[in-house]
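S.K.: If you read the protein sequences in the order shown, they are chains S and R. Under the UniProt record's numbering, the first residue of the first sequence is numbered 1, with each subsequent residue one higher. Under the UniProt record's numbering, the first residue of the second sequence is numbered 1, with each subsequent residue one higher.
If you're looking for bench data, these hints aren't it; they were derived computationally from the structure. Just so it is clear, the structure is predicted and the values come from calculations on it, not from any experiment. Hints are supplied without guarantee of correctness; some may be wrong.
Said to hold, decoys possible - Quick look at which bits of chain S chain R covers, simulated, 3 or more residues with Cβ under 8 Å:
(1) 92-102
(2) 126-132
(3) 277-288
(4) 477-486
(5) 547-558
(6) 572-586
To be verified - No more than 25 Å apart at the CA atoms, straight line, and that leaves these computed lysine-lysine pairs for DSS-like:
(7) R:K218 x S:K148
(8) R:K601 x S:K415
(9) S:K415 x R:K339
Claimed, not checked - Computed beta-carbon distance windows for the label pairs:
(10) R:N121 x S:K521: 28 to 38 Å
(11) R:K107 x S:L585: 17 to 27 Å
(12) S:R613 x R:Y102: 15 to 25 Å
(13) R:P16 x S:S525: 38 to 48 Å
(14) R:P16 x S:R493: 53 to 63 Å
Note that the Cβ used here is the ideal one computed from N, Cα and C, for glycine as well.
2 protein chains.
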Amino acid sequence: MMLMAHFSPMGVKKVPTRSSVGLILGENVFARLNIPNSVVSAVDGYAVLSESTANASPQRPVVLEKQGYVWVNTGSMVPPPFDSVVMVEDVSRWDDGTVVVYRASPKGQNLRYLGEDVMSNQLLAFEGDQITPQLASLLISAGVLELKAIPKPRILFIPTGEEIVGDDALINGIMKPGDVLESNSILVTGYLERCGYRVDVHSSILSDNVDELRGVLKRAVMDDYHVILISGGSAKGLRDVSAEALKDGLLFRWLLMKPGRPAIGASFDGCPVIVLPGFPSSSLVVLLTVVVPFLNHLSGKPPMTYFESLDIEPWETQLLHRMSSSPGMEEWVKAKVVKMGDQALLWPLGGGSSSLFSLGEADGLACIPSSSVELDKGDKVRFYPLVHLDLARRCLLQGSDDPALQMLAAIAKGKGGEVVVKRTGSMGGVLALARGEAHAATCHILDPDTGIYNDPLIKRLDPHGLWCRTILFYREQGFILARGNPRGVKGIRDLVRDDIRIVNRQPGAGTRILLDHLLEKDGISRDGVKGYNDLCVSHLDAAARVLAGAADVALGVKSAADALGLDFIPIAEEPYELVYHSAYLDHPGIMALMEAALDPKWRSIVDRMGGYRWP
Amino acid sequence: MMLMAHFSPMGVKKVPTRSSVGLILGENVFARLNIPNSVVSAVDGYAVLSESTANASPQRPVVLEKQGYVWVNTGSMVPPPFDSVVMVEDVSRWDDGTVVVYRASPKGQNLRYLGEDVMSNQLLAFEGDQITPQLASLLISAGVLELKAIPKPRILFIPTGEEIVGDDALINGIMKPGDVLESNSILVTGYLERCGYRVDVHSSILSDNVDELRGVLKRAVMDDYHVILISGGSAKGLRDVSAEALKDGLLFRWLLMKPGRPAIGASFDGCPVIVLPGFPSSSLVVLLTVVVPFLNHLSGKPPMTYFESLDIEPWETQLLHRMSSSPGMEEWVKAKVVKMGDQALLWPLGGGSSSLFSLGEADGLACIPSSSVELDKGDKVRFYPLVHLDLARRCLLQGSDDPALQMLAAIAKGKGGEVVVKRTGSMGGVLALARGEAHAATCHILDPDTGIYNDPLIKRLDPHGLWCRTILFYREQGFILARGNPRGVKGIRDLVRDDIRIVNRQPGAGTRILLDHLLEKDGISRDGVKGYNDLCVSHLDAAARVLAGAADVALGVKSAADALGLDFIPIAEEPYELVYHSAYLDHPGIMALMEAALDPKWRSIVDRMGGYRWP
């Protein structure tokens, strides 16, 4: 990398050994003291003259007067002329202070010699060794209180961006539309700390002003920062000032990776500066794969990535569904994983690199090499965890979305299981279950021919009756409308009106099947419904589109309408089923899920959401 | 464990989200803000009214006047009534401020809706979740500036022991024989910090006084420490006061593990106290396997060991030689590992739990389950690394010891290879090489029949000539004697004198073979030599025994005598060979080793050691 070619590791410095843990030694280190620093006892017992015990036996024990022995603790000096130690277990001590020895104690017994562990002038550690706690402990004990090491770089993080505001803005109620609370500093400090690097965060957030940024950079260099990280201002918008401020010392612009392309590396007054893209996922990926190796390089270590330096081995996982990757560049994809049997399954999370939610829920990052473009279901993918995962407790619930599921998962968590919900629609859920790609599924699928929910399809998919089925609840489906129903929507026929636009759900969603059924029943062509192909994957997403005015009508559950204060016209009540394979009866995740489903706490929360009835 | 049964996880507390990373959430957390908090642009470009671009095409572009658009950065609010954004790439901008749009921009294009990523009141994280940097970042962005979490325990470490002294004692030149510099605090703070726990170290080292210790404990409880760690005073010596000070609240004494047996768990004024044994290895093992799980328990996490909490998976390694383990208890053994082909080989390090040197050089700990007693060579052993290992660069050099080898390894390290020296004697070295258990061997083996060194044996072991051989140097062997040769030793015949005791080397050592040869030549019986069965494994160890007065004579190299300022009577000059298999010609460790052997820097250091001649 250009940065490493341009900046050498930092020079060695004298540092106190007690604060040297994690540093790279800048010299070979030799012991200054012997360990032990005298002949000491290896046990708790009595130091004696070996000659005085020469003929001791259980039959003819030797009695030693007070001046013939001395008590020594483990590690205590054995004072001359004593040359042997009898273990406390092998001696009787009388009240008058004499001790009785039952066995001869040969010269040197239970002694540790001067320098037995470490000899003065012995070579203890090499230049280039990383100082572990145990090495520092050894060096201190050997009298090495100071040593030459490569210090850690002092790092400054500068948040920038017109739209970025501090917590004060929220506390004082002065956040404006478009304002974003500064949060990338938490990613940067959190992850660099895990690698042993401390980061100072600049006290203020810079607006998009080249001169201001230059001023702060100049001060940071004068304040002896060794590395400066700037957040934001690296894309090509009109106000992207970081590139402008750094233009005299640019080392790289744009990286061949995704996300993170718009990163910048530069030298400013001789100090290395890296601009991290403002989007959180981009920022994180550049941090882990570019910044951490550079910091390691400066610290005298091999230029290891975050994962390498923490010995985080990639997992070999299988893709749960096909995906595309950007050709010609390495791509790091937020992902979640579950284990089905012995196989770890992975799926990428949506939301793009601006999404904080998907980053927050990600288990880690999948690395798609630049040579891969189209990946098939079942393809092997390398996955690097970012969090501690206990996959044995985790079950994957695929299928129909409902706003009540999140609280169900929260309560299951308290019962020792983890429920990961993947919204793939009712049909997607039961098909995944049938393929062994989910531990459980939720569904509400209307059979158009019979008008019966769930039963016909499930019986077809599970002919031997190996699945366990429970109706979690009945729920009201209907039209979600802007508050006050300004367009005066009354029923299904209104969906063909010119001034009405709907938002639909993804293919396979039970709600979409219901909509299709309603349209067909009334002889309405899908083509006549504006927005039929505008898709989203959850009831709340659909309701949010209505709230935002992007759609006038969405078919969805009452609780989603209620959550956003929207109007609702009921259309149908549906049985919402939870289905799982009996093989998972004793899976901790499924057990917790079933317990949670019967928990009165969950039911009372769901009751308050509105539109649900218990079986 | 008794401690966990007695002390519940700490109560939840309100903490600023910005300093919550690593904590366990004490509540379900819901978003307070929408993300984005208005309709924002997903790209850099021009916000427009979708209607105004309805018929735009490359042939008939639409020209928008200044009031018909507004520039928006990625993430900026799209001000009403604009309802669509045209990417900067799809537009021409003229100098007069009008922009030309070549493509229709449908309603909603390139917009991110209010709440599209996170909706206000959405459930973002569950009670019991560990707060990662990305979760904290998400929560801050969603307006959650404070949350309820289980705080981290405040931990105090108290070093105790009459013989333990602070750095001042060394600096001021007042260290006495038997004094030991305090260094366990470095292990404790270093390893707990890796798990995310900060530790305060008590300002002074306590002597062995029950009342003083009780006083410090009382003050610590009043100062709101949640956990107190005491170092030392847990064995059964006369002065072991920790048990005495804690006797009213003892929860456990002695653990069924090795090392670490003499650990104590107690409650003092309602505060958990753990006494760590004073020996460094014991202290470390109790820290990693007892203290860390307890701290995790208090912090609301599963009671994971150090290795579990850092996701350090055990390696499956093969024992390099047989070993015994204590029956009936789990044993943690300091160990080193190398890789031969695909197989990681492990051997335990000697020195016992008091040895700082072997802890300092250990790669990690092997865990021998309580069911194992005698382990054979080749048995599988679980190994947990404590340091970052790059085994591809590491070669194992078995064989003859020489004081010059350490500097050779130090210089090889600077050349990108790592050389691990295992002193198994000349014979052990070449046999290991023949068995594929070493990358290289050093040897000086006299063939008694021919008087020729090395050649006869190596030709027998390597009949096809696949080994590469280099004479590293010629070295002087002789008698190492106390300074001034007080016993007046003159030659081999003196070894049978009644007032002379030798120290010998382990079977298979070239030096022992030489001694045997000398004795035989002079017709001296081994039985007549006192100390013939007192063994040590290196020249410096042997010299140290002479220095300590434990032996009067040792056969060894001149450099060892010189290093300790001892007398030396030369006996023979030996060719000291380095041998390695040609399969390792391009092994980074071997390459670095061979480079180092020719490095003038090494040769000049060895010249200064004395007793060497170059080939």
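S.K.: Taking 8 Å as the Cβ threshold, is the statement that the stretch 277-288 of chain S is covered by chain R upheld or broken by the three-residue rule?
M.R.: Check passed, 3 qualifying residues.
S.K.: Sort out whether K415 (chain S) lies within 25 Å of K601 (chain R), counting only the CA atoms.
M.R.: violated (65 Å)
S.K.: Determine whether the Cβ-Cβ distance between P16 (chain R) and R493 (chain S) falls within the hinted range of 53 to 63 Å.
M.R.: holds (54 Å)
S.K.: With the threshold set at 25 Å, check whether the alpha-carbon distance from K218 (chain R) to K148 (chain S) stays at or below it.
M.R.: Violated, at roughly 40 Å.
S.K.: Is the gap between the beta carbons of P16 (chain R) and S525 (chain S) within 38 to 48 Å?
M.R.: For S525 (chain S) against P16 (chain R), whose Cβ atoms are near 56 Å apart, the range 38 to 48 Å is violated.
S.K.: Three or more residues of the stretch 126-132 of chain S near chain R by CB distance under 8 Å?
M.R.: holds (count 6)
S.K.: Within a Cα-Cα threshold of 25 Å, do K415 (chain S) and K339 (chain R) meet the stated pairing?
M.R.: Outside the cut-off at roughly 43 Å; violated.
S.K.: Three residues minimum, CB to CB under 8 Å: does the stretch 547-558 of chain S make the cut for coverage by chain R? Let me know.
M.R.: holds (count 3)
S.K.: Taking a Cβ-Cβ distance under 8 Å as contact, does the stretch 92-102 of chain S have three or more residues in contact with chain R?
M.R.: violated (count 0)
S.K.: Should the hint that R613 (chain S) and Y102 (chain R) are 15 to 25 Å apart at their CB atoms be regarded as holding?
M.R.: violated (54 Å)
S.K.: Count the residues of the stretch 477-486 of chain S whose Cβ falls closer than 8 Å to any Cβ of chain R, and tell me whether that reaches three.
M.R.: Result for this restraint: violated, n = 0.
S.K.: Could one say that the CB atoms of N121 (chain R) and K521 (chain S) fall in the range 28 to 38 Å?
M.R.: Holds, at about 35 Å.
Hints 1, 4, 6, 7, 8, 9, 11, 12, 13, counting from the list given before, are not met by this structure.
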